[in-house]
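There are 2 protein chains.
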Amino acid sequence: MRRVKKDNSETHRTMRVVNHIRSLIEDGTLQPGDRLPPEREFAQSLKISRASLRTGIGYLAAMGVMKVRHGVGTFVADGPPELGKASLGLIGALHGFQSWQMFEARLILESQLAALAAERGKQEHHAAMAEEVAEMFASIEMPTDYLIHDILFHRIVSQASGNPILAALIETITSALYDDRRKTVERSTDLRESAEMHREIYRAIRARNTAEARRLMEQHLRMAQEAQGMEQHLERKAVLPRAKTKPEARTAVGLS
Amino acid sequence: MRRVKKDNSETHRTMRVVNHIRSLIEDGTLQPGDRLPPEREFAQSLKISRASLRTGIGYLAAMGVMKVRHGVGTFVADGPPELGKASLGLIGALHGFQSWQMFEARLILESQLAALAAERGKQEHHAAMAEEVAEMFASIEMPTDYLIHDILFHRIVSQASGNPILAALIETITSALYDDRRKTVERSTDLRESAEMHREIYRAIRARNTAEARRLMEQHLRMAQEAQGMEQHLERKAVLPRAKTKPEARTAVGLS
DNA sequence: AGCAACCACTGGTCAGACCACCAGTATACA
DNA sequence: TGTATACTGGTGGTCTGACCAGTGGTTGCT
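The listed protein sequences correspond, in order, to chains A and B.
Residues are numbered in this note's numbering as their position in the first sequence, beginning at 1, plus a constant of 19.
Residues are numbered in this note's numbering as their position in the second sequence, beginning at 1, plus a constant of 19.
In case anyone wonders, no lab produced these hints; they're calculated from the structure.
Don't take every hint at face value.
The list cannot tell twin chains apart, which means a pair is met if one copy fits it or any two copies do.
What the hints assert, rightly or not - Simulated crosslink set (SDA-like; lysine to any residue; CA at most 25 Å straight-line):
#1 LYS141 with GLN117
#2 LYS86 with GLU154
#3 LYS86 with ARG241
#4 LYS141 with THR193
#5 LYS141 with GLY98
#6 LYS66 with ARG211
#7 LYS66 with ILE159
Can you build the whole structure from these sequences, using the hints too?
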C-alpha cells in the first residue's frame, strides 16, 4: 500500500510566501510603494519561520517586485517596471549573447517604440522630452551628465509609447548596455551631433510623424552603436596592460 | 574624526555569492547543466554560512540562471534562456498590464522576428518548421496537442531569427500568455485555418521573403488575438458561477 | 534475477541569537 | 537658541547547529 503523497498545500514555503504576496498585490491590498510588515511579525502571521519568509521575499526582490532596504523595511517596487534587469547580464554570459544582438534588439524595439510614441504621445511627454533635449545641449561638455539625460529621454519615449510592457523590455536591455556605455562615454566626441539627433526625434514625435520618428530613431541608434564600438576600441587599447581573468571571455556582453 | 566606512568588500554576502558564481560562468568553469558543489561544502569554501549561500543561490534561481532540485543538487540552467519568466505575471499585476498590450508587444516582436528568420533561417530551421506544421495538421482535432506544436513552431522561428535575446523576450511574453491560452484552446474552432496560416508563414520564411513573412505573421497574430478574445468571452459566460476572490481584478493580465 | 528495505547525500525548514544599518529623539555644547 | 553629537528602538542581514524531507544508489532477502 502506497503512502498517499502529502498534500503539501502550496509545496515549498517559498511559493506560499510568493503566492500570498501576489494575491495581496492582485486584490489591491498592496500597492506600489507600500511597506510590508516587519519580517518577524509577518513570518509569525504566515505561520512560517523567518528564514523561509526571507527566502520568498528574496525571490520577489530578485525579480524586482520588492525592494528591501536594510534597517528600514521591505517595500513594493514603485519605480518603472523592470523585467529581470540584473538577469540579462548573467544570462547573457551564460548563453553567450553578443553585443550586436543587444544592439539589434534595442534597435528593433526602440524604433518601433518611437513610432508608437509619435502616434500616442501626449503633451506632457512632449514637454518632458523637450526638457531633456535642452539639458543635453546644456551638458555637451560633461559626458557623464549628458548620458543621464540621454537615458531619461529614451525612457520618456518609452512611456509615451503607451505600452509599459515594451517599455519594460527596453529598460531591461538598456540597463545592461548602460554599464558599458558609462565606461566609454568619457571618450566620446560629437555629443553635439547626438543632441541634434535627439532634437530631431523629438520634433518628429511631436509632429506625430510616425514614419519619420521610426527612421530617425533607427538612424540614431545605428550611429550610437558605431560610435560606442569605436570608443570601446580606444578603451581596449588604453587599458590593454591590465589583463585580468581571461579577457577574451569579455567578448560576450556579460561583462560586469 | 570620522570613522572610515568599512570596506565591506562586495557588501552583502548575497552579492558575493552571485558575483562569484557569475565569474565562474564567465570564465567557463561553470557550463549550462553543470552542478554546483553541495551547499555545506560550497559555503565553507566561500567562507560564509550556508544560510547566506542559499540566499545567493535563491537569487540566481529566481532569475532562472540556476535550477535547484531538492535531494539532488543545484544546477546551472541549460534550457532556452528565459528573462524573468515568472516575473511578468507579477509585475503585470503590479503595474496593471493590459491584455492588449501583451498582444501588441508580441505582435511587434514576433513579426519582426519572422522577418529576421526569413533573412537568416538555415535549412535545419526550415526542416523543423515543416515538421511542426505537419504535426499541426495532424492534430487539428486535438486542441491541446495542437497548441504544443503551435508553440514549438513559434519557438523555432525565434531560433531561426539568429537573435537569442529577442527570442528570450518573446519567450517571456508568450509564456505569460500561454496559461490563458491553454484554458481557452479547448473551445477553439477553425484550427485548420490556423494551421494553413502557419504553413504560409513557413513558406514565406523558406523563400526568404522577409516582407511577406512579416506580413503573414502579423496577420496571423491579429487573428489569433481576435479568436482568443472570443474564446475568452465564451469562457467567462460558461464559468460565470464560480466567482472566487474578486474576479474583476482579473481584467489585468496577472492572472495565475 | 527481481524486488523491497535501507542508507547516505542533497536541499528545505526551523529556532534563536547576535550584527549592521537607519531614522528619529534626546542630550550636550557653543 | 541653534547645531552637532550620542543614544536608542526598530528593521533587515548573518550566523550557528539542529532536524525534516526528497533522491537515488546499495544492500540483502527471496
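Each hint tested on the structure:
{"no.": "1", "hint": "LYS141 with GLN117", "verdict": "between (36 Å within a copy, 19 Å between copies)"}
{"no.": "2", "hint": "LYS86 with GLU154", "verdict": "neither (30 Å within a copy, 45 Å between copies)"}
{"no.": "3", "hint": "LYS86 with ARG241", "verdict": "neither (35 Å within a copy, 37 Å between copies)"}
{"no.": "4", "hint": "LYS141 with THR193", "verdict": "within (23 Å within a copy, 29 Å between copies)"}
{"no.": "5", "hint": "LYS141 with GLY98", "verdict": "within (20 Å within a copy, 42 Å between copies)"}
{"no.": "6", "hint": "LYS66 with ARG211", "verdict": "neither (60 Å within a copy, 51 Å between copies)"}
{"no.": "7", "hint": "LYS66 with ILE159", "verdict": "neither (57 Å within a copy, 47 Å between copies)"}
Hints 2, 3, 6, 7, counting from the list given before, are not met by this structure.
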